[in-house]
Each structure stands twice: as structure tokens, then as C-alpha cells.
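**Q** Residue numbers (our numbering), protein chains in the order written: chain A, 10 to 233; chain B, 10 to 233.
Note that these hints are calculated values from the structure, not bench results.
Be a bit skeptical, because a hint or two may be false.
With the C-beta cut set under 8 Å, the calculated list includes, among others, these residues of chain B facing chain A [unchecked claim]:
hint: 1; residue: 80
hint: 2; residue: 132
hint: 3; residue: 180
Which stretches of chain A does chain B cover? Using the computed rule of at least three CB atoms under 8 Å from a CB of chain B, they are [what the hints assert, rightly or not]:
hint: 4; region: 72-82
hint: 5; region: 131-144
hint: 6; region: 174-182
hint: 7; region: 192-201
From a predicted model like this one, the values you see are computed outputs, not experimental measurements.
Beta carbons: idealized from backbone N, C-alpha and C, even for Gly.
2 protein chains.
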Amino acid sequence: MKRIEVVQSILEANDSIAARNQRLLDENEVFAINIMSAPGAGKTSLLLQTVAHLRNGLHIGVIEGDVASTLDSERVRDEVTAVVQITTQHMSESCALIATMVDSALKRLPLGDIDLLLIENVGNLICPSEFALGEHRKVVISSLPEGDDKPMKYPIIFADADAVVINKLDLLPYVDFDIPSFQNSIRGLNPKVKFFQVSCKSGAGIEDWCAWLLQELEDHRQKA
Amino acid sequence: MKRIEVVQSILEANDSIAARNQRLLDENEVFAINIMSAPGAGKTSLLLQTVAHLRNGLHIGVIEGDVASTLDSERVRDEVTAVVQITTQHMSESCALIATMVDSALKRLPLGDIDLLLIENVGNLICPSEFALGEHRKVVISSLPEGDDKPMKYPIIFADADAVVINKLDLLPYVDFDIPSFQNSIRGLNPKVKFFQVSCKSGAGIEDWCAWLLQELEDHRQKA
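Looking at chain A on its own, in the form it has when it is part of the complex (with noise of 0.2 Å):
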């Protein structure tokens, strides 16, 4: 019993810490998105997609969560307002980013300069499930190399999703995977996600995918 008393605290601070850093973001109007998904699906490209897309209007953050590297920050560096590195390795959880390493990286970005905080998690399809970290909305990309039953092998991710991005279309004439059996098993999972078909290499989607990124930020501030 005390074991999961323990985990269960754990959990508990974690989302109180998230529910602090909603109310930072909220209070400086700084819409936040939390980018999930296996290693090498794409998390990057799709970042640096979006960011080509929608900098000319918006002011965009990146916090960038690894294992490992600061490979990714350098990657986004020139083209955002800020970034921030978390390497996790040395940390107690390393396996997902939990929410006072995003308290951490929220104080040292300029929120006030920013609309959009992308957050790239670390490459994993379970443990980011866990840990709430003050985002606004959650996006899992899947890329079709990965094959399409990975939502019944790590289904908490997909459940929690806001929208399931698909990527990595150019590969679709060389491997085994069917869409429209995929985005089923997400949907009875998940009724309500929205799905988005993209390259990240070829470009293609990106426009669907950045419409809604926009559509998403506009309601929130509406309601705010």
C-alpha cells in the first residue's frame, strides 16, 4: 500500500505543478502544445514545418525535451523566438518530461514575447502518457514505418490525444499500413481527435495541420 500511496503522490504533485504552469501560460496568453510520439516519428520535422508555416504571424517558443543531446534545439534555433533545452538523463524521471522540468523551462522563456510554446517531449510511447505538464492541447504523430497496431499496444496515449498526427506519407507505396484501420482503433479509443495526413519531407498536410494549430489557438483565447 505505501508503495502506491508513494507513485500516487508523485503523480499528484506532477499535475498540481501543470495546473500552475496552465495558469502561468494562461496569464501571459501563451497558447501550449505538447508533441508526443515514438523516437524518429517525426517530432522535429514537424516542428520546424510548423514553425516555416506560421512564424510570419505568430511568435512561437519551443521547449525541447531529450534523453540525451541538445541536437534538436540546435536544429531550431534560428528559427524561433526561444528554446529551451531539457536533457533528462541525469534527472529522476528520464524516460518523459514531467511538469517542473516545463516550471523549470517557462522561467527562463520570454512568455510575454510568446503565442505559441511548442513543447517536444522525449521520444516515447508511454511514459509522456503519465505525466500532464500545463499544455493547452496533445498531439501524438504516428508514422506509417511504425505500423498501424500501435494504437492497440500503447493505448493511453492515443486516448488522450487532441489530434493524431500521421506522418511520413511519402513512405506509404513501401510499407504495410492502413489508414482508414488505424485512425479506427484510435477512434474507439477517442472518439472526438482530430487526424491530419502529412510529409513532414515533401511538405504535404502541413497546411491542414497548421489550420487547425490556428483555429485551436484562436478558440482558446476566446474563451479566455
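Chain A is fixed; fit chain B onto it per the hints.
**A** What follows is chain B alone, placed relative to chain A:
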């Protein structure tokens, strides 16, 4: 301090159960491989190809680890001597197999009838690197569409691997993946690692991989 002590004692307990698992495997002359990768890199596909190539000469057992679903066990069930599925979703650790789970699985396997035990870990490049299971060799699969930067982002799992299998070689013309650069970054962490380049779809490279596996099994028997 208290918290770090708790975590260490969990890892110590895990190591001690892993050592007990290995003694049980050795008593039964079972050679065990821990197969790890990101979601969708091809653990089950490599397992099926390996079984197809080796089952005429060896009795093969399988432990399937998944967060949820028994899909992978269903795919291998008819091909092997015995299979045990572990679903981790409601366990204390859900993001990796740990030694106690393998201990339970070993009790359900006919160890006396098995020569080679293939353990398919949960799809994750982070957590599985922390938990020894009792295996004799660790294998990491990296698939080309994931990108060649994974060793920099997930160094521990690559540093500890006996072999790295580069999968989805059939997609090489369609993705940006520099194989020599990928291999060099791993050699920097792990000079003794063996590399295999395969396509589980076409079967290319599977013979070399299986030849190594047989040789390792023979070497292990000689030493026993």
C-alpha cells in the same frame, strides 16, 4: 537522499532476480536474448524471421512484452515451442520488462525443451536499458526511418548492446540515413558491438544475423 536509496534498492533487487533468472536458464541450457527497440522498429518481424531460419535445428521459446494487447504473441504462437505474453499496463513498471516479470514467465515455459529464448521487450529506447532480465545477450534494433541520430539521443541502450540490427534496409532509397555515420556514433559508445543490416520484409541479411546468433549460442555452451 531517501528517494535515491529507494530507486537504487529497486534496481539492486532487479539485478539480483536477473542473476537468479540467468542461473535457471543456465541450469536448463537455455540461451536467452533480450531484443529491444523503439515502437515499430521490427522486433516481432525479426523474431519471426529468426524463428523461420532456426527452428529446424533449435527449439525456440518466446517471451513477449507489451504494454497492452496480445497481438505479437498471436503472430508467433504457431511458429515456436512455447510463448508467454507479459502485458505491463497495470504493473508497477509499464515501460519495460523487469526481472520479476521474466521470472514469472520462466515458470510457465518448458525450459528443458528450449534451446533459444527470444525475449521481446516493450517498445522503448529508454526504460529497458535500466533493467537486466537475466539474458545472455542484448540486441537493439534500429530501423532506417527513425533516423541516424538515435545513438546520440538514447546513448545508454546502444552502449550496452552486444549487437545492433539495422532494419528496413528496403527503405534506404526513400529515407535520409547515413549508415556509416550511425555505426560510428555507436562504436564511439561501444567499440565491441556487432552490426547487422537486414530487411525483415525481404529477408535480406537475416542469414548473417542468424549465423551470429548460432555462433554466440555455441560459444556460450562451450563455456558452460
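**Q** Examine the region 174-182 of chain A: at least three residues should have C-beta closer than 8 Å to a C-beta of chain B.
**A** Check passed, 3 qualifying residues.
**Q** For the region 192-201 of chain A, do three or more residues have a beta carbon lying closer than 8 Å to a beta carbon of chain B?
**A** With 0 residues in contact (Cβ-Cβ under 8 Å with chain B), the coverage given for the region 192-201 of chain A is violated.
**Q** Count residues of the region 72-82 of chain A with a Cβ under 8 Å from any Cβ of chain B, then say if the count reaches three.
**A** Since three or more residues must qualify, the claim that chain B covers the region 72-82 of chain A holds, with 5 doing so at under 8 Å.
**Q** Hey, does the residue 80 (chain B) contact hint survive, CB to chain A under 8 Å?
**A** Interface hint status for residue 80 (chain B): holds (6 Å vs cutoff 8 Å).
**Q** Measuring from the C-beta of residue 180 (chain B) to each C-beta in chain A, is the shortest one below 8 Å?
**A** Interface hint status for residue 180 (chain B): holds (6 Å vs cutoff 8 Å).
**Q** At a threshold of 8 Å, is the proposed contact between residue 132 (chain B) and chain A supported by beta-carbon distances?
**A** Holds: closest Cβ of chain A sits about 7 Å from residue 132 (chain B), inside 8 Å.
**Q** Just to make sure I understand the rule, a stretch counts as covered if three or more of its residues have a C-beta closer than 8 Å to a C-beta of the chain. Does the region 131-144 of chain A meet that for chain B?
**A** holds (count 6)
Of the hints listed earlier, the one the structure fails to meet is number 7.
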